[in-house]
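Protein chains: 2
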Amino acid sequence: MQKVILIGSGNVADHLAHALYEAGHQIIQVISQNKKKSAALAQKVNANSTTDLEKIKKADFVIVAINDDAIAQVVSKIHNLPVAHTSGIVSIENAAVFYPLQTFSKGVPLDIKSVPFCVSSKDKVFETTLLNVAKSISSRVFQIEENQRKILHLAAVFASNFSNQMYVIAERLLAKSDLDFEILKPLINETVNKIQTNSPQAVQTGPAKRKDLETINTHLDLLDDEELKNVYQVITNQILKQK
Amino acid sequence: MQKVILIGSGNVADHLAHALYEAGHQIIQVISQNKKKSAALAQKVNANSTTDLEKIKKADFVIVAINDDAIAQVVSKIHNLPVAHTSGIVSIENAAVFYPLQTFSKGVPLDIKSVPFCVSSKDKVFETTLLNVAKSISSRVFQIEENQRKILHLAAVFASNFSNQMYVIAERLLAKSDLDFEILKPLINETVNKIQTNSPQAVQTGPAKRKDLETINTHLDLLDDEELKNVYQVITNQILKQK
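Protein sequences appear in the order of chains A and B. Its first residue numbered 53, the first sequence is counted upward by one per residue in this note's numbering. Its first residue numbered 53, the second sequence is counted upward by one per residue in this note's numbering.
Pairs count within a copy or across copies, as identical chains cannot be separated in the list.
Heads up, simulated BS3-like pairs for lysine-lysine below, C-alpha to C-alpha not over 27 Å straight-line:
| hint | residue 1 | residue 2 |
| --- | --- | --- |
| 1 | Lys87 | Lys55 |
| 2 | Lys281 | Lys293 |
| 3 | Lys281 | Lys261 |
| 4 | Lys261 | Lys237 |
| 5 | Lys237 | Lys158 |
| 6 | Lys158 | Lys261 |
| 7 | Lys261 | Lys88 |
| 8 | Lys281 | Lys263 |
| 9 | Lys89 | Lys109 |
| 10 | Lys237 | Lys187 |
| 11 | Lys89 | Lys261 |
| 12 | Lys89 | Lys158 |
| 13 | Lys158 | Lys293 |
| 14 | Lys263 | Lys129 |
| 15 | Lys87 | Lys261 |
| 16 | Lys174 | Lys228 |
| 17 | Lys89 | Lys263 |
Calculated directly from the structure, the hints in this document are not laboratory data.
The whole structure should be built from the sequences, with the hints applied where relevant.
Structure, rendered in structure tokens:
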């Protein structure tokens, strides 16, 4: 059991606080500039709350789960306590990494046990502590190197944000023709189902994969938005060039 | 119960033949240039098989489930029988459409009941027949117009082939850094899980959504492949411009 101070009150802080609390760790304090949110979160996990970083209490370590661009400044103000942040991309001297590789949304419940946690620290004693804490809430815990973490974060943007953007585009195209996005869900689900047991490259299908230039041209003609045409062309070229 | 002739012996023909047969329709004949595959498929669904289109038997109608670029020529050789093809994009005078909106892979079992079938025909009697046949194998049957079908096919390329390409890219990036694609699967699954009950636009996350230019630049620096940089930039710009 560890005594933890959590800085932040957004989605990641919220999910982490609950997971740590339920795993039997003690949340000593929730610190966030958002007084209402930090107080609400603190109450749920039986913690003290404050908006003032100067009033930080004693604990085993601190987890900073806030926006990437604010992490460095907050970390610089914490003294005499080991600190880890939850960012996939930020690198800070003297801060360890406790990065949950998942997309967290407000109010969308999540099975934290299946979330991969990527841990690294120069201080190997602290790293062992963080690895054990991660293992107490998740079954997928990895010690990864600095450069690996950044590539992982980049790959996650492709696999999650960019694939989701393809759904955004599909939804918009359908809406213009009075079609419901619902009709595409079985296809989307099957596409993801296939890659559970196959390499994505091995199960690629479609006109670009078949080098069916006639269909590709028909599609380009259907797209009246220049930006969408460009997205279509760039990804199609990528697939066309594959062996 | 309908008497059906199936032209083709690929993935779509294979899945359709089994679904129709199991729903109690009679597969009269399987016609395909691939003698071995058509004979094997015909045997499984208790049908006659031939490689010669001239030897076509009598039936209620014909389903042409072959490559897009060969459909017109095959349809032109069928006389005195109603014909439907399974393409999402091809338009042929005198041929109805019986388009299953799904990605079919050899040997990957599929719940055909959940596959959306898009049906259209100028001959409204034949259209009713096709709608009923579709309803006998699937719970999601839609009568759609010509122009809607093409947009649907285009949207499906974004939602399935292009989202899969994002996984292909992610897998390659990870492989270069000795990381296993496995680590991204919980994230990918959660991304798709979210859109089951939310609009993709409403649940978009990531650096472009947050307008986090610092992270975007870090990512671009990590990409040493000019083509991948371009893919990243084009999709990121698309997300940045969204409200």
